[in-house]
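**Student:** These are the residues of each chain, in order.
There are 2 protein chains.
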Amino acid sequence: MDTGLVAAMAGAAGLVFAMILFISMKSQPAGTEKMIEIADAIHDGAMAFLKREYSILAIFVIVVAGLLGWGIGLSTMYAFVAGAACSIMAGLSGMQSATQANVRTTEAARSKGEGAALLISFNGGAVMGIAVASLGLIGLGLLFRVYGHPETAYVINGFGMGASSIALFARVAGGIYTKAADIGADLVGKVEAGIPEDDPRNPGVIADNVGDNVGDVAGMGADIFESYVGSMIATIAIAATLGMAGLDQLKAAASMSDGDIKALLMSLPLVFSVIGIIASFLGIMSMRILKSASPASALRYSTFIAAGFFLVGAYFYVDRAGISGGVFWAVLMGAVGGIIIGLITEYYTSARPVRLIAEASRTGSATNIIAGLAVGLESTVLPVFMICGTIYVAHESAGLYGIGIAAVGMLATVGITMSVDAYGPIADNAGGISEMAGLGPEVRKITDGLDSLGNTTAAIGKGFAIGSAALTALALFAAFSQAVAAATGQPFSIELTDPKVVIGLFIGGSLPFFIAALTMTAVGRAAGKMVEEIRRQFREIPGLLEGKPDAKPDSARCVDISAKAALKEMVLPGAVAILAPVFVGFAFGAQTLGGMLAGATVTGVLLALMMANAGGAWDNAKKNIEKGELEGEGKGSDAHKAAVVGDTVGDPFKDTSGPSMNILIKLMAIVSLVLAPLLA
Amino acid sequence: MDTGLVAAMAGAAGLVFAMILFISMKSQPAGTEKMIEIADAIHDGAMAFLKREYSILAIFVIVVAGLLGWGIGLSTMYAFVAGAACSIMAGLSGMQSATQANVRTTEAARSKGEGAALLISFNGGAVMGIAVASLGLIGLGLLFRVYGHPETAYVINGFGMGASSIALFARVAGGIYTKAADIGADLVGKVEAGIPEDDPRNPGVIADNVGDNVGDVAGMGADIFESYVGSMIATIAIAATLGMAGLDQLKAAASMSDGDIKALLMSLPLVFSVIGIIASFLGIMSMRILKSASPASALRYSTFIAAGFFLVGAYFYVDRAGISGGVFWAVLMGAVGGIIIGLITEYYTSARPVRLIAEASRTGSATNIIAGLAVGLESTVLPVFMICGTIYVAHESAGLYGIGIAAVGMLATVGITMSVDAYGPIADNAGGISEMAGLGPEVRKITDGLDSLGNTTAAIGKGFAIGSAALTALALFAAFSQAVAAATGQPFSIELTDPKVVIGLFIGGSLPFFIAALTMTAVGRAAGKMVEEIRRQFREIPGLLEGKPDAKPDSARCVDISAKAALKEMVLPGAVAILAPVFVGFAFGAQTLGGMLAGATVTGVLLALMMANAGGAWDNAKKNIEKGELEGEGKGSDAHKAAVVGDTVGDPFKDTSGPSMNILIKLMAIVSLVLAPLLA
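Keeping their order, the protein sequence lines are chains A and B. When the first sequence is numbered by the numbering used here, its final residue is 680 and no position is left out of the sequence of numbers. When the second sequence is numbered by the numbering used here, its final residue is 1680 and no position is left out of the sequence of numbers.
If you are wondering where the hints come from, they were derived from the structure by calculation, not from laboratory data. Honestly, I wouldn't trust all of these hints.
[As the list claims (entries may be wrong)] Mimicking SDA-like on lysine to any residue, the simulated pairs with C-alpha atoms at most 20 Å apart in a straight line are: (1) A:LYS190 - B:ARG1362; (2) A:LYS112 - A:GLY449; (3) B:LYS1190 - A:ARG362; (4) B:LYS1641 - A:ASP638; (5) A:LYS641 - B:GLY1636; (6) B:LYS1262 - B:VAL1006; (7) A:LYS548 - A:LYS564; (8) B:LYS1641 - A:VAL191; (9) B:LYS1529 - A:GLY449; (10) B:LYS1641 - A:SER637; (11) B:LYS1529 - A:VAL191; (12) B:LYS1529 - A:LEU630; (13) A:LYS548 - A:VAL16; (14) B:LYS1641 - A:ILE23; (15) B:LYS1190 - A:ASP638; (16) B:LYS1552 - B:LYS1568; (17) A:LYS529 - B:GLU1631; (18) B:LYS1641 - A:LEU630; (19) B:LYS1529 - A:GLU631; (20) B:LYS1627 - B:GLY1194; (21) A:LYS529 - B:ALA1263; (22) B:LYS1445 - B:GLY1113; (23) B:LYS1529 - A:LYS548; (24) A:LYS529 - B:LEU1356; (25) A:LYS568 - A:ARG557; (26) A:LYS529 - B:ALA1296; (27) A:LYS641 - B:ARG1362; (28) B:LYS1623 - B:ALA1296; (29) B:LYS1112 - B:ILE1289; (30) B:LYS1568 - B:VAL1006; (31) A:LYS623 - A:LEU356; (32) A:LYS641 - B:LYS1445; (33) B:LYS1190 - B:GLU1546; (34) B:LYS1190 - B:ARG1444; (35) B:LYS1641 - A:LYS623.
[Stated by the list, open to error] Short derived list, chain A residues pointing at chain B, Cβ under 10 Å: (36) ALA58; (37) VAL61; (38) VAL63; (39) TYR301; (40) ALA371.
All C-beta atoms in this analysis are idealised placements derived from N, C-alpha and C, irrespective of residue type, glycine included.
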């Protein structure tokens, strides 16, 4: 059986399914003229931004491709370009779908009710989820067909590097875009002018809604796409360089030849991902039945259904293929670990910790911030233990290969997890459109309910993204060390007792702090510009703030400010992430580079968890107070004002700096893996 | 020459000098009756707290001493008790001196002017600085006399563990005490009631001033004492277990015997520290000449003078003793590295970064917080590079021994650096006393000037404390790995490619986040109680807020709240820090423990830098606005209110959670070093 071809065909079938979903979603009514006009503005803003972003990235891709072609080889160069192209397509498809689904969700909420609205927003997300998985399978499947042999498998790494590079820029730029617009619009609109969120008078509202799409849809899509292909690539690379002892451990029957088991192990990530996309398809279809349940349970059960199908499929395949059962345990641990990390995230962004933050808001913004930071710091511990547990079980069951395949297991059902995740910003947008189109409280109530659920799913999705990034980075790290060993022909040792390694560890550890500082500063700066522009419009456009019908805000200008800032500010963090491993690797050698990867992974994962969870908890603490769940306080009270400060600080935490960490650690690991042959 | 005896005698001479300084400082006039009454209240509150703290710690010391006596040996047990006792004495002596110097500084400012006030507060700090160094030399000198041989040197480690354990509790308890009082007093007094800082009507003011002493004096003293003895102990331990190749590298002449060079290297940390205490003495004396210069330059030059004398002395000793010149380069790098890290800290807590935070306050608390966090995150990078540079040079010049001796070099002149550091809280207290005693604006202006300089020196001191803690922890880590190798009789390898080590790295990395969360939460909770109590007193004591002469605040109750909270909340972080290495070491083995130490050191250093610098920068941004340096804004403006929020968040950052990290990483390393023989 030609696994590469099967994977590519499964991917093609997935794309067809995504297309059908998209067409059927698009055939739904889009509502009134006003609604369509608003949706078009969001769609056009988002697409215009992506075009500008991609045309800058095209230059970057050409330059890096040239360097790779010269330094490593033409095949790696092609793989790199393919990875970048697939990542771009994944982002574009998600964006197309999300910017059509938002207004149709609003319309469904208006004319049909909650169930129908949920289904449309979910299907909008599912287009992206399936597209991400399909593009990954097509790209990797075809490359595997040509290069899926132990000696040539290194070429496939280039695909991961292409996907990762685009992902970092997309995440950083998207994150800066969305939060500059969000903070700017809120600070002037809600806080200063006292008008509601998403009020059409606010010139920053369109930019804010565009931002949800470029940040939470396109950025998140590129992030997960990278983890998805990264985990497979790492596993293929580990399998390709596995020695005799490692191979023996993974045979079910001693009679199997080393070559046969190696080929099987190399193809396994693709096989699991094919099973995963089928399972995701079944999960997505189950939503049609589940939609009558409460939205929260519907989303949750559809994920569990997909995970169940996947694990059953994986079990039978491992059992039949003659691979040691340990591989299945690693996969099981990965799949379960991802879900548990998501649930821990849900706890920290909803239950007792959120009430503590709301309570601390009574004594002002300072205590709200202190409480939120404490929650964020604390929330890192259990997920890290879970990651450690996953590494431990995976390694005990199937050696280093186990770590890679556990990451594959965590990500195999990405089609459904990504759908649930992308649903959030679509519902958020739907709410914005209903407010801007003035559809009234009943519609807004439905979209608010969906949006609030979207916050929870987004938080879970972030936990999952971090957990999978950590495991993928570690798998890539293992692949890197094996690749160096293979290239030098002797065991590669990264000794913590060697000061060179400790230096790498410290430098690596400081990089996530540096990137977090850069991205936070960028958001602060861009939000400041946005504040000035919105203030100027309220001041200079007569009748705008009073809501006179002929006074129109100049939304395009706000869209442009966000876009320019995002594109300018994405360059430095991106360059640091790509150049740091190159510089350290060539200047100080593979040991220091290894230390750097380990250090960056540790602090990157911790900062990502801390920032994502603190941000989510602040957001929900504010919502709690708005809902009247803090006795004696409510919207507009002092405690609420304090909570708004926390929410605003949390914005760049959870949507810009935090998510950048995921990609930073994967990108540095895959750049190192690609460089490994040159470092020998 | 019996180095141990010389060191102990130098320490004894130092104690005599400290005593003379103390008596001469105490003979200065203490001012009006009112001033003496206030100072007595602060003194009594601080001493009462230390007594309660130490009586709890006595139980802890007895229990751990018993376990050590049973598990490792009676000698280690005695050394542990001695270390704990010396740490307690260092804290007590600093506190005695600081609580006498504060009011005398106020009086000097009132009757003699700035120069005299500076000298008294500096001498008050110098008592502690010299006492810290002297107690370290006496304790280690005597232990070295008895156990300073390669086979028995492990006993000395117990001294470090005793010092570290006390230090952690003292730092955490002191940090919680001071910030609960500070935040509580400010939130109700300055923000709600609109009365000035340190206003005598505020029931929390005495507790706040007590807090400066128990946190910034006693806590900091225990911290630096620990680094000071920790760096020497690590270097002795490394020298004791050095193999032939390592010894050969460090001989100036090949003819020297291995035994001779080993004995020399083991005694070298004590020799350098003796040179360092003499150099510190000269630096302190030079202040009498420098006091006519501006206070800032006087403090700076006295430090440089001491460093200069120390380096000259160290150079000649190395040159004459027959030790390789590389050892001197390591010492030089350590001494210079410490100063540079301090200067980087000064930049981040005073120059452009502070102006950016002040600027960001214009758009509210949220942007102020974002800007401050970004500054804190960014400020980690250069100090980490400096630490890496120090490790690199030290290791290239003198192997692993170089890392230990570089830490010794950084800390040898602790007598003067500690003096400059302890000066800050004394000047702060002096300002508080002048406000409470109603001494008028001229006196307050002098004390404010000294206090503001104290903020800068405190920031530099914090940078130095972190840098030295990092280097000490790494030296202890090196000593730990050599000790395991010596105990097992085979090379000890901590391989980053081994998942067990990676698991350790992650667990270790998450511990500083967890401790930071615990301490932040503790401060928040205790400050909340303080807020309620102060509000209650304003409400229930008739005439208090109006300032009627017969309405007295119940300060003792606020002191009690801070004390109770601090003592209760110090237990969990302390227990985690001590038990984590024990548990991980015995449950998962020395490799995982090694990974854990490395992970904790990396994230601990980064968080400590981030928190200390963000806190200092927020504080100074607020002060900048108060001084009118932000155009169009000033005290009481919206920007100022926003900056107060940042300052309040920064309080537990820079004075509770951040400093706890220093001790956490050293304590875990030294516990591991003590356990090393059992882990074999």
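**Student:** Take the hints in turn and mark each one as holding or not.
**Tutor:** Results for each hint:
1. Restraint check for LYS190 of chain A and ARG1362 of chain B: satisfied, since their Cα atoms lie roughly 17 Å apart, inside the 20 Å limit.
2. Using a Cα cut-off of 20 Å, the hinted pair LYS112 of chain A and GLY449 of chain A holds, with the two alpha carbons roughly 15 Å apart.
3. For the suggested pair LYS1190 of chain B and ARG362 of chain A, the alpha carbons sit about 17 Å apart, so the restraint of at most 20 Å is met.
4. Restraint check: the Cα-Cα separation between LYS1641 of chain B and ASP638 of chain A comes to about 14 Å, which is no more than 20 Å; the hinted pair holds.
5. Of the pairs offered as hints, the one joining LYS641 of chain A and GLY1636 of chain B holds, with about 19 Å between alpha carbons and a cut-off of 20 Å not exceeded.
6. The straight-line distance between the Cα atoms of LYS1262 of chain B and VAL1006 of chain B is roughly 19 Å, inside the 20 Å bound, and the hint therefore holds.
7. Under the criterion of a C-alpha separation no larger than 20 Å, the hint pairing LYS548 of chain A with LYS564 of chain A is inconsistent with the structure, at around 30 Å.
8. Only pairs whose Cα atoms come within 20 Å are accepted, and LYS1641 of chain B paired with VAL191 of chain A is accepted, the gap being roughly 16 Å.
9. For the suggested pair LYS1529 of chain B and GLY449 of chain A, the alpha carbons sit about 37 Å apart, so the restraint of at most 20 Å is broken.
10. Restraint check for LYS1641 of chain B and SER637 of chain A: the C-alpha separation of about 18 Å stays at or below 20 Å, so the hint holds.
11. Restraint check for LYS1529 of chain B and VAL191 of chain A: the C-alpha separation of about 30 Å exceeds 20 Å, so the hint is violated.
12. Distance check on the hinted pair: LYS1529 of chain B and LEU630 of chain A sit about 19 Å apart at the alpha-carbon level, within 20 Å; holds.
13. Taking the CA atoms of LYS548 of chain A and VAL16 of chain A, the gap is about 47 Å. The hint is violated against a cut of 20 Å.
14. Note on LYS1641 of chain B and ILE23 of chain A: the hinted pairing is violated, with a Cα-Cα distance of about 53 Å set against a maximum of 20 Å.
15. Taking the CA atoms of LYS1190 of chain B and ASP638 of chain A, the gap is about 17 Å. The hint holds against a cut of 20 Å.
16. For the hint pairing LYS1552 of chain B with LYS1568 of chain B, the CA-to-CA distance comes to about 28 Å; that exceeds 20 Å, so the pair is violated.
17. Distance restraint check for LYS529 of chain A and GLU1631 of chain B: the Cα-Cα separation of roughly 19 Å lies within the 20 Å cut-off, and the hinted pair is therefore satisfied.
18. For the hint linking LYS1641 of chain B to LEU630 of chain A, the alpha-carbon distance of about 25 Å lies beyond 20 Å, and the restraint is violated.
19. Distance hint between LYS1529 of chain B and GLU631 of chain A is fulfilled; the C-alpha atoms sit about 19 Å from each other, no more than 20 Å.
20. The hinted pair formed by LYS1627 of chain B and GLY1194 of chain B meets the criterion: a straight-line CA distance of about 18 Å does not exceed 20 Å.
21. In summary, the hint linking LYS529 of chain A to ALA1263 of chain B is not supported, as the alpha carbons are separated by about 65 Å, beyond the 20 Å threshold.
22. A distance of roughly 10 Å separates the Cα atoms of LYS1445 of chain B and GLY1113 of chain B; the hinted pair therefore holds under the 20 Å criterion.
23. For the given pair, LYS1529 of chain B sits about 50 Å from LYS548 of chain A by alpha-carbon distance, which is inconsistent with the 20 Å threshold.
24. Under the criterion of a C-alpha separation no larger than 20 Å, the hint pairing LYS529 of chain A with LEU1356 of chain B is consistent with the structure, at around 15 Å.
25. In summary, the hint linking LYS568 of chain A to ARG557 of chain A is supported, as the alpha carbons are separated by about 16 Å, within the 20 Å threshold.
26. Note on LYS529 of chain A and ALA1296 of chain B: the hinted pairing is violated, with a Cα-Cα distance of about 38 Å set against a maximum of 20 Å.
27. Taking the CA atoms of LYS641 of chain A and ARG1362 of chain B, the gap is about 17 Å. The hint holds against a cut of 20 Å.
28. A threshold of 20 Å between alpha carbons decides the hint, and for LYS1623 of chain B with ALA1296 of chain B the separation of about 17 Å falls inside it, so the pair holds.
29. With a CA separation close to 17 Å, the supplied pair LYS1112 of chain B and ILE1289 of chain B stays within the 20 Å bound.
30. Annotation: proposed proximity of LYS1568 of chain B to VAL1006 of chain B is violated, straight-line Cα distance about 41 Å (limit 20 Å).
31. Our distance criterion of 20 Å between C-alpha atoms is met by LYS623 of chain A and LEU356 of chain A, whose separation comes to about 13 Å.
32. With a C-alpha separation of about 36 Å, the suggested pair LYS641 of chain A and LYS1445 of chain B falls outside the 20 Å cut-off, and the hint is violated.
33. Of the supplied pair hints, the one linking LYS1190 of chain B and GLU1546 of chain B holds, its CA atoms being roughly 15 Å apart against a limit of 20 Å.
34. Note on LYS1190 of chain B and ARG1444 of chain B: the hinted pairing holds, with a Cα-Cα distance of about 18 Å set against a maximum of 20 Å.
35. At most 20 Å may separate the alpha-carbon atoms for a hinted pair to count; LYS1641 of chain B and LYS623 of chain A exceed this at roughly 24 Å.
36. A hinted interface residue such as ALA58 of chain A counts as satisfied when its beta carbon comes closer than 10 Å to some beta carbon of chain B; here the least separation is about 30 Å, so the hint is violated.
37. With a cut of 10 Å, the hint placing VAL61 of chain A at the interface with chain B is violated, because the nearest CB-to-CB distance is about 28 Å.
38. A hinted interface residue such as VAL63 of chain A counts as satisfied when its beta carbon comes closer than 10 Å to some beta carbon of chain B; here the least separation is about 26 Å, so the hint is violated.
39. Look at TYR301 of chain A: its Cβ only gets to about 32 Å from chain B, farther than 10 Å, so that hint breaks.
40. For ALA371 of chain A, the shortest C-beta to C-beta distance to chain B is roughly 6 Å, which falls under 10 Å, so the interface hint holds.
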